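Protein chains: 2
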Amino acid sequence: MTLVVQKYGGTSVADLERIRHVAGRVARDVRAGERVCVVLSAMAGETNKLVGWVDGLDPANYDPAEYDVVVSSGEQVTVGLLAIALQSIGVPARSFTGWQAGVATDGAHGKARITGIDKAPILAALEAGKVAVVAGFQGLAPGDRLATLGRGGSDTSAVALAAAIGADRCDIFTDVDGVYTSDPRIVTKARKLDRITYEEMLELASQGAKVLQTRSVALAMAHKVKVQVLSSFSDEPGTLVVDEDDIVEQQVVSGIAYSRDEARLTVLGVRDRPGIAAAVFGPLAAAGINVDMIVQSVSRDGVNANMTFTVTRSDLKRAQAVLAEHQATIGFGEILVDDDVSKVSVVGVGMRSHAGIAHTMFQTLADKGINIQAISTSEIKVSVLIDEAYTELALRALHTAYGLDGS
Amino acid sequence: MTLVVQKYGGTSVADLERIRHVAGRVARDVRAGERVCVVLSAMAGETNKLVGWVDGLDPANYDPAEYDVVVSSGEQVTVGLLAIALQSIGVPARSFTGWQAGVATDGAHGKARITGIDKAPILAALEAGKVAVVAGFQGLAPGDRLATLGRGGSDTSAVALAAAIGADRCDIFTDVDGVYTSDPRIVTKARKLDRITYEEMLELASQGAKVLQTRSVALAMAHKVKVQVLSSFSDEPGTLVVDEDDIVEQQVVSGIAYSRDEARLTVLGVRDRPGIAAAVFGPLAAAGINVDMIVQSVSRDGVNANMTFTVTRSDLKRAQAVLAEHQATIGFGEILVDDDVSKVSVVGVGMRSHAGIAHTMFQTLADKGINIQAISTSEIKVSVLIDEAYTELALRALHTAYGLDGS
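Same order as they appear, the protein sequences are chains B and H. Once you know that position 365 of the first sequence is 364 in our numbering, the rest is easy, because the numbers rise by one and skip nothing. Once you know that position 282 of the second sequence is 281 in our numbering, the rest is easy, because the numbers rise by one and skip nothing.
Just chain B, same shape as in the assembly (with noise of 0.2 Å):
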């Protein structure tokens, strides 16, 4: 008998009928003799609202522990009401708030991470004969209080959840069909793949492709959980995420990602002494910033030299504030800004045995007239910081460059 973890998003369980459909779904698959555990999201905006009524109390320093528990409930409304949905088609069933479900995690309130899971309760009602109906996102954090995994968390629920009852599979049903070679919307001559491995997953979700969520990639593949992405809307199958052994005919690009969500700081004529980086990016860590592409470029005097990294956005604004006050001890002249960046990356495992990728990326960029301001490289990965303004432009590029066109 199968055994699987089935994942249904916000947009999902939007409302009465969507619901009744996802029912509809595990259904099907109980009475084709599977074993399901149902882990949820809230209805799609609703946990946009919650967090809305916290802003609205107390936007700057309202306490993360209460905001958990505001924020939590929304996952409680949805497996209660899958749970009575499935019940009413003659699908026995029972749902688990994560603390029901024997989540636990660290205390870090609003972005918590899974530290064990005790899977007697979910096992207990699947031997029952039920469908868990789970709450994704959430667990108990020490002190018996609510907490939340963040963003994007039930993605990681259904995986932990997948890993501690030895699921064969975890579906992630969400409003896409699988993995694409790159964004659909943009290079209409994309592809869905039908498998993927691993680090090329974690490459490509980490470089902006927003399918699953980071964590989670990370977890399934610490514990080989296979993961499927599919769409709840449409009954094709998905791309299965799997370990590289698994995969036959490996390309050697398997997709192209894109983020918009860079924004990238110059500072400028710092001393070029040992220590420098870590005076610039030691007050940044501390402050919870995360520093990705750096580029440091010695002046021609051979003194004072720039220091060119990027950050997300959104923490743009606290980045220039926490360097401003630091100003003296680090010692630079101005700090330069633009945000009209975007980060195109190219993710492929083949890149380990194939030479030249980098360099077919770098020649088609420059064909097309498009300035790179920055690379960064990992072993299956190259990035470019460019103009957003030709972030489409170098998609296509990209995707025709490296063979990765549909008919």
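Hint data in this document are derived by calculation from the structure and do not stem from the laboratory. Keep in mind the model is a prediction, meaning the values are calculated, not measured. There may be inaccurate statements among the hints.
One copy or two, either will do: identical chains are not told apart, so a pair holds if it fits within one copy or between any two.
[Unchecked claim] The calculated lysine to any residue pairs, modelled on SDA-like cross-linking and capped at a C-alpha distance of 20 Å, are: (1) Lys316 x Ala278; (2) Lys48 x Arg19; (3) Lys223 x Leu239; (4) Lys223 x Gly149; (5) Lys223 x Asp404; (6) Lys316 x Gly89; (7) Lys48 x Ala13.
Dock chain H against the given chain B, drawing on the hints supplied.
The following block gives chain H in isolation, referenced to the frame of chain B:
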């Protein structure tokens, strides 16, 4: 240091502005040196919305345990929001769901009864100098399931918590400013009572006065919790519900209540034999239908009798069906029904020592040409069933007859 429980209903926390208002009120009491435990309902309208969703999926046979999961989310939102609102004006606070507050219930989902309260979590928060903000209406059923207490259950939560933590007073904030001698919307000369006994409040609540929920009054009486009913929109003192000994000058009649929630059934031609009442009311009791006023009239032939009784209007159709199902075993001719009736009740502990209270009632109604269809009495109450159209006339006439009119 005074320890008070303050309960705010749905209209008092209906939006962010009102939640801020409640926070301000609590802050004032905290700064005056009181230790405060707040009990909240869901935002006005929210519980109805959640119940509507459940009904939309499965109006007939929904699982009450899952209903409770959905519906109990409403108070979780308001307690988190009030804790944030309090913190934002410098008052330390923390929220508790029912299960976090140690409220244990039985397994009667949708109308659970509180079986015990572990006072430790609330007392720990209070002793740490925090306002404890507790979700009313809910608790933890056996098997770690969420349970709700049924409509109006937040009053019961507040009184039970007040008893458990040994509060000096339980203030029930509502949208009226106290308990009146009758409904002021109908009887313009109705007066607010400064004090009323538990027994009278219990009768008034169970006879239709909506200001306090019956169960909460019974609980307050059993545990001698001093309850005050007052408005969250004014600073006037409200009505204290206290022991009879705490009332110096007792009125003979304290209040006149009414209920339009009645329906009358008359079972014609039952055989007048021992056990006939059991035969009629047994099946109704088994179906969970409460029967209130009962009149058995013996027929002239001494063989057949008519049985008249009342049920709540929402039970009328079911009561008819149950009786029809048992027609053969009970033995009767036909059933007449009338739901254009209302029940008017005169309540006062002074009745114990004063004769003629019932007679005044019957005479007053007769003088106004109002026919009495049934009568029931208790030690401190006389209720009559009348044609619904005469409700307002009866209330005003009785209010004057018992000398309750204000100036």
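Problem set entry | Within, between, both or neither: Lys48, Arg19 at alpha-carbon 20 Å | Classified as between; 18 Å across copies, 23 Å inside a copy.
For this session: If the cutoff is 20 Å on CA atoms, where do Lys316 and Gly89 land: within, between, both or neither? Let me know, please.
Result: Neither, since 54 Å and 27 Å both go past 20 Å.
For this session: Since the copies are identical, ignore which copy is meant and state whether Lys48 and Ala13 lie within 20 Å (CA to CA) inside a copy, between copies, both or neither.
Result: So Lys48 and Ala13 pass the 20 Å test inside a copy (13 Å) and across (15 Å) alike.
Exercise. 20 Å Cα cut-off: does Lys316 pair with Ala278 within a copy, between copies, both or neither?
Worked result: Only inside one copy: Lys316 and Ala278 sit 19 Å apart there, 79 Å across copies, limit 20 Å.
For this session: First find the shortest C-alpha distance between Lys223 and Leu239 inside one copy, then the shortest across copies, and answer within, between, both or neither for a cut-off of 20 Å.
Result: within (12 Å within a copy, 64 Å between copies)
Problem set entry | Homomeric proximity label, Lys223 with Gly149: Cα distance no greater than 20 Å | Cα proximity of Lys223 and Gly149: none, with 23 Å in one copy and 46 Å across.
Problem set entry | Status of Asp404 relative to Lys223 across identical chains (alpha carbons, at most 20 Å) | Cα proximity of Lys223 and Asp404: none, with 30 Å in one copy and 79 Å across.
Hints 4, 5 and 6 from the list above are not met by this structure, while the remaining hints are.
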